[in-house]
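Enquirer: Take a look at the letters that make up each chain.
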Amino acid sequence: MTTTTPLAGKTATKPPVTEPPAPFLERFRVPGAFLLGALLLLGIAPLVLSDFRLSLLAKYLCYAIVAVGVSLAWGRGGLLVLGQGVFFGLGGYAMAMHLKLADAAVTGQTLPDFMQLYGTGDALPWWWKPFADPVFALAATVLLPMAVAALLGFFVFRRRVKGAYFAILSQALAAAFAIWLVGQQANTGGTNGLTDIQGFFGYALDDPVNQRMVYVVVAAVLLVLMAAARQLFVSRYGELLVAVRDSEERVRFLGYDPANVKLVAYVVAAGMAGLAGALFVPAVGIISPALIGVVPSIGFVIGAAVGGRASLLGAVLGAIAVAWTQSTLSDAYPAAWTYLQGLLFVVAVGFLPGGLASLVTVLRRKRRTHNPATEGAA
Amino acid sequence: MSGLSISRRGLLTGLSVLGTSAALGACGAKTGSDTSSASGAKADTSGDTVKVGLLNSLSGTMAISEVTVHNALLLAVKEINAAGGVLGKKLKPVSQDGASDWPTFAEKAQTLITEDRVVATFGCWTSASRKAVKPVFERNKSLLFYPVQYEGLEQSPYIFYVGATTNQQIVPALDYLKKQGLTRLYLVGSDYVFPRTANKEIRAYAKANGMEVVGEDYAPLGSTEFSTIVNKVKDAGADAVFNTLNGDSNVAFFKEYKSAGLGAKSLPVLSVSIAEEEVKSIGTQYLEGQLTAWNYYQTTPGAANAAFVKAYQAAYGKDKPTSDPMEAAYTSVHLWAAMVEKAGSFDVDDVKAAADGITFDAPEGKVTVDGATQHVHKTARIGKVGADGLITEVWNSGAPIKPDPYLKGYDWAAGLS
Numbered sequence: 005m006t007t008t009t010p011l012a013g014k015t016a017t018k019p020p021v022t023e024p025p026a027p028f029l030e031r032f033r034v035p036g037a038f039l040l041g042a043l044l045l046l047g048i049a050p051l052v053l054s055d056f057r058l059s060l061l062a063k064y065l066c067y068a069i070v071a072v073g074v075s076l077a078w079g080r081g082g083l084l085v086l087g088q089g090v091f092f093g094l095g096g097y098a099m100a101m102h103l104k105l106a107d108a109a110v111t112g113q114t115l116p117d118f119m120q121l122y123g124t125g126d127a128l129p130w131w132w133k134p135f136a137d138p139v140f141a142l143a144a145t146v147l148l149p150m151a152v153a154a155l156l157g158f159f160v161f162r163r164r165v166k167g168a169y170f171a172i173l174s175q176a177l178a179a180a181f182a183i184w185l186v187g188q189q190a191n192t193g194g195t196n197g198l199t200d201i202q203g204f205f206g207y208a209l210d211d212p213v214n215q216r217m218v219y220v221v222v223a224a225v226l227l228v229l230m231a232a233a234r235q236l237f238v239s240r241y242g243e244l245l246v247a248v249r250d251s252e253e254r255v256r257f258l259g260y261d262p263a264n265v266k267l268v269a270y271v272v273a274a275g276m277a278g279l280a281g282a283l284f285v286p287a288v289g290i291i292s293p294a295l296i297g298v299v300p301s302i303g304f305v306i307g308a309a310v311g312g313r314a315s316l317l318g319a320v321l322g323a324i325a326v327a328w329t330q331s332t333l334s335d336a337y338p339a340a341w342t343y344l345q346g347l348l349f350v351v352a353v354g355f356l357p358g359g360l361a362s363l364v365t366v367l368r369r370k371r372r373t374h375n376p377a378t379e380g381a382a
Numbered sequence: 068m069s070g071l072s073i074s075r076r077g078l079l080t081g082l083s084v085l086g087t088s089a090a091l092g093a094c095g096a097k098t099g100s101d102t103s104s105a106s107g108a109k110a111d112t113s114g115d116t117v118k119v120g121l122l123n124s125l126s127g128t129m130a131i132s133e134v135t136v137h138n139a140l141l142l143a144v145k146e147i148n149a150a151g152g153v154l155g156k157k158l159k160p161v162s163q164d165g166a167s168d169w170p171t172f173a174e175k176a177q178t179l180i181t182e183d184r185v186v187a188t189f190g191c192w193t194s195a196s197r198k199a200v201k202p203v204f205e206r207n208k209s210l211l212f213y214p215v216q217y218e219g220l221e222q223s224p225y226i227f228y229v230g231a232t233t234n235q236q237i238v239p240a241l242d243y244l245k246k247q248g249l250t251r252l253y254l255v256g257s258d259y260v261f262p263r264t265a266n267k268e269i270r271a272y273a274k275a276n277g278m279e280v281v282g283e284d285y286a287p288l289g290s291t292e293f294s295t296i297v298n299k300v301k302d303a304g305a306d307a308v309f310n311t312l313n314g315d316s317n318v319a320f321f322k323e324y325k326s327a328g329l330g331a332k333s334l335p336v337l338s339v340s341i342a343e344e345e346v347k348s349i350g351t352q353y354l355e356g357q358l359t360a361w362n363y364y365q366t367t368p369g370a371a372n373a374a375f376v377k378a379y380q381a382a383y384g385k386d387k388p389t390s391d392p393m394e395a396a397y398t399s400v401h402l403w404a405a406m407v408e409k410a411g412s413f414d415v416d417d418v419k420a421a422a423d424g425i426t427f428d429a430p431e432g433k434v435t436v437d438g439a440t441q442h443v444h445k446t447a448r449i450g451k452v453g454a455d456g457l458i459t460e461v462w463n464s465g466a467p468i469k470p471d472p473y474l475k476g477y478d479w480a481a482g483l484s
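Each protein sequence line maps, in turn, to chains X and Z. Under our numbering, the very last position in the first sequence is 382; numbers go up by exactly one each time. Under our numbering, the very last position in the second sequence is 484; numbers go up by exactly one each time.
Rather than coming from a laboratory, the hints here were simulated on the basis of the structure. Treat the hints with care, as some may be off.
Straight line, CA to CA, 27 Å or less: simulated BS3-like cross-link-like pairs of lysine-lysine [stated by the list, open to error]:
no., chain 1, residue 1, chain 2, residue 2
1, Z, Lys-267, Z, Lys-451
2, Z, Lys-325, Z, Lys-301
3, X, Lys-133, Z, Lys-97
4, Z, Lys-377, Z, Lys-301
5, Z, Lys-159, Z, Lys-118
6, Z, Lys-267, X, Lys-133
Some residues of chain X that are not near chain Z, with every Cβ distance over 10 Å (derived) [claimed, not checked]:
no., residue
7, Ala-136
8, Glu-253
9, Tyr-260
10, Asp-261
Simulated restraints, written as ranges between beta carbons of each label pair [as the list claims (entries may be wrong)]:
no., chain 1, residue 1, chain 2, residue 2, range
11, Z, Leu-154, X, Phe-355, 46 to 56 Å
12, X, Tyr-343, Z, Lys-385, 23 to 33 Å
13, Z, Gly-248, X, Ala-154, 54 to 64 Å
14, X, Phe-158, Z, Glu-355, 49 to 59 Å
15, X, Tyr-343, Z, Pro-287, 20 to 30 Å
16, X, Val-350, Z, Asn-463, 47 to 57 Å
From a predicted model like this one, the values you see are computed outputs, not experimental measurements. Glycine included, C-beta positions come from ideal geometry on N, C-alpha and C.
All chains, please: the whole structure from these sequences, using the hints.
Expert: Right, here's the structure in full:
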């Protein structure tokens with residue numbers, strides 16, 4: 005990658021620069037927006053929102069972290085990742101297993117509460133034991149999903165499985181993982197999942213101050229990952245990823261291995277989903293197979309689709325907006341909200357295939373095509 | 068480009084420092100310490116009306132069952148309001164949709180407590196949803212009334228369990244089978260907490276009572292593929308099937324059961340999750356003559372039940388059946404109202420203190436609250452599905468059974484909890 009690739013100059017797929025503003029403004033547009041986002045999330049939100057609303061926002065931001073990865077893998081890499089629930093779940097369970105063991109240790113027990121109820125009642129399963137170590141558990145929340153994604157991706161991409169087949173495979177994996185978790189009630193809590201988590205690395209989660217701390221951590225992680233993803237987008241790797249999405253064969257003929265390019269995006273997206281799952285556990289207090297199966301896995305992608313998958317900010321805002329709409333609509337219309345939500349999806353995807361992020365471009369194009377007509381009439 | 072990325076990196080470092088310092092600067096209570104001051108939300112009892120929360124799945128797989136419970140809760144609220152309310156205040160029901168999704172249940176429970184500031188919440192169906200909201204009610208010191216039979220082995224200080232626990236449903240059902248001489252059991256259930264825990268208890272009972280479990284199979288929730296399981300049941304030489312399947316799976320199971328030539332005469336099935344509403348959706352022709360175990364049937368005699376069925380059908384439709392969970396939900400609102408009246412206050416601690424010994428002439432008969440376990444004394448009833456789709460009682464326990472959620476009174480259950 006040391007030589008200049010002919011691709012870098014030739015790709016016509018770079019997101020269209022909408023309007024050439026003053027160079028000075030353009031230079032500070034991205035860091036400026038980033039700073040504004042940071043101010044909103046870390047400065048203003050904790051001030052104006054109640055404890056409860058802030059903890060809801062923490063939950064939405066966890067979904068947004070998944071969306072950052074989806075934007076990379078799907079938006080830029082064209083990989084329809086319909087099984088992010090698996091990685092979200094791996095991260096979530098890794099974290100929850102550690103927290104359950106820590107809770108048990110506080111009360112002097114060796115087994116988490118649910119194992120005393122449903123388990124064989126004797127000893128901790130061997131694969132639970134390493135999660136008692138906080139460093140191992142924290143590392144596992146990210147590395148475990150990445151390892152699974154690497155293994156799966158290695159075989160899948162090398163065999164040139166793509167498009168719908170890749171999506172179906174991801175879904176099957178999500179379904180299988182959720183069913184396995186349910187079946188292992190003695191070791192995983194079954195359908196209940198891991199609930200009733202009391203502490204987060206020594207801090208009691210029922211204290212609102214600590215809940216706010218969790219929110220700050222989630223928001224900071226989201227901002228850091230967005231910055232990192234943006235860096236990836238504009239890097240030479242980002243260009244290559246888009247090239248693979250748009251014309252895999254051509255990239256292959258140029259001497260790159262598209263499988264490796266896709267693998268990196270897939271693995272990074274999995275790591276982000278894992279981290280999101282790990283943060284979801286202290287923020288919401290539960291991880292269960294209901295967050296992992298086919299439906300939630302599709303849900304992770306819907307947010308990015310509504311917001312605009314190719315735009316990082318679009319995907320993140322889309323994920324937050326979809327989750328927020330769901331909470332608000334279901335509060336206001338407990339019996340009818342599912343219909344309203346479905347309608348919103350249809351309208352959003354039907355009229356704005358590029359997502360909400362393309363709204364500005366679409367409106368501008370409308371005006372441009374509209375203007376000559378009005379001029380002609382005048 | 069490079070200048071930009073450097074400035075971004077600087078920004079990043081600054082931010083992470085900011086985030087870390089904010090996180091470290093604001094340290095709250097440690098685990099294990101007392102955080103009783105933490106609960107900021109207080110129920111709002113200042114106005115002429117008080118809000119009560121109704122938390123049921125109005126969408127998703129569980130909606131078919133939970134909507135009927137929601138209706139029964141609304142009926143009870145309406146009746147109490149018509150009689151003048153509680154402590155002179157009218158009740159305003161606030162519905163929230165749990166959407167058959169456990170984390171959503173937790174979120175909506177929190178909404179009811181902190182945003183709507185309800186004085187009590189009624190609802191939940193699956194054990195998984197109850198387990199998800201339990202920490203929310205405990206953390207906020209708010210009350211939940213749970214209306215469905217469950218697997219026992221739980222006792223939260225902030226939950227009242229108005230449905231049957233194991234010794235009021237499953238144990239009497241096993242007693243009944245034993246008395247009938249049906250001692251070789253085949254266990255079929257959906258793959259989740261209630262069936263797995265119930266079957267563990269059944270195995271312990273069987274071992275101590277000279278009964279034999281000849282097979283145990285689970286199908287994933289919502290599964291409709293039962294030919295393998297039914298064939299295994301057919302060849303196992305069982306006297307009866309103990310069925311803890313839930314929801315749609317029952318439809319497929321009983322159809323397969325009939326087409327394999329099995330029926331109530333040749334190999335009876337005792338079900339613990341099939342009530343009147345489910346009989347209708349499965350089809351009476353598949354279920355006629357089969358057994359169920361509950362504490363209430365639409366046909367249960369008594370003036371209280373006649374009035375309940377009449378009021379329910381007047382409100383929701385002439386052909387709508389009433390079932391055990393609906394009856395327990397209806398009863399739970401009346402029990403709570405009686406507790407508040409006795410306490411003379413909506414305060415959670417006062418209500419809990421007043422709970423012991425509260426009685427209500429429920430449609431299932433007289434029920435009494437047991438203050439120590441926060442469960443309810445209930446009469447166990449074994450029923451048989453009739454040709455009309457209604458269930459008629461063939462046996463009952465004679466008197467209400469004292470709730471024993473941890474099965475402490477049964478020697479065979481010693482190793483269970």
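Enquirer: Take the hints in turn and mark each one as holding or not.
Expert: For each hint, the structure was consulted:
For the hint pairing Z:Lys-267 with Z:Lys-451, the CA-to-CA distance comes to about 25 Å; that is within 27 Å, so the pair holds. Taken as a hint, the Z:Lys-325 and Z:Lys-301 pair is honoured in the structure, with Cα atoms around 11 Å apart against an allowance of 27 Å. A C-alpha spacing of about 24 Å is found between X:Lys-133 and Z:Lys-97, which places the hinted pair at or below 27 Å, so the restraint holds. Between the alpha carbons of Z:Lys-377 and Z:Lys-301 the distance comes to roughly 42 Å, so the proposed pair goes past 27 Å and is violated.
At most 27 Å may separate the alpha-carbon atoms for a hinted pair to count; Z:Lys-159 and Z:Lys-118 meet this at roughly 5 Å. Between the alpha carbons of Z:Lys-267 and X:Lys-133 the distance comes to roughly 26 Å, so the proposed pair stays at or under 27 Å and holds. Taking the minimum C-beta to C-beta distance to chain Z, about 15 Å, the non-interface status of X:Ala-136 holds against the 10 Å cut. Here X:Glu-253 stays apart from chain Z, with its beta-carbon at least about 29 Å from theirs, past the 10 Å limit.
Remark: the non-interface label on X:Tyr-260 is consistent with the geometry, its nearest Cβ contact in chain Z lying 22 Å away (cut-off 10 Å). The beta carbon of X:Asp-261 sits about 26 Å from the closest Cβ of chain Z, which is more than 10 Å, so the claim that it is off the interface holds. In this structure the hint that Z:Leu-154 and X:Phe-355 lie 46 to 56 Å apart at CB holds, the actual value being about 53 Å. Between X:Tyr-343 and Z:Lys-385 the beta carbons are some 28 Å apart, a value that agrees with the proposed interval 23 to 33 Å.
Our hint of 54 to 64 Å for Z:Gly-248 and X:Ala-154 holds, since their Cβ atoms are close to 60 Å apart. Separation of X:Phe-158 from Z:Glu-355 is about 57 Å and conforms to the stated range, judged on CB atoms against 49 to 59 Å. The hinted range of 20 to 30 Å is satisfied by X:Tyr-343 and Z:Pro-287, whose Cβ atoms lie roughly 28 Å apart. Taken as a hint, the range 47 to 57 Å holds for the pair X:Val-350 and Z:Asn-463, whose Cβ atoms sit roughly 53 Å apart.
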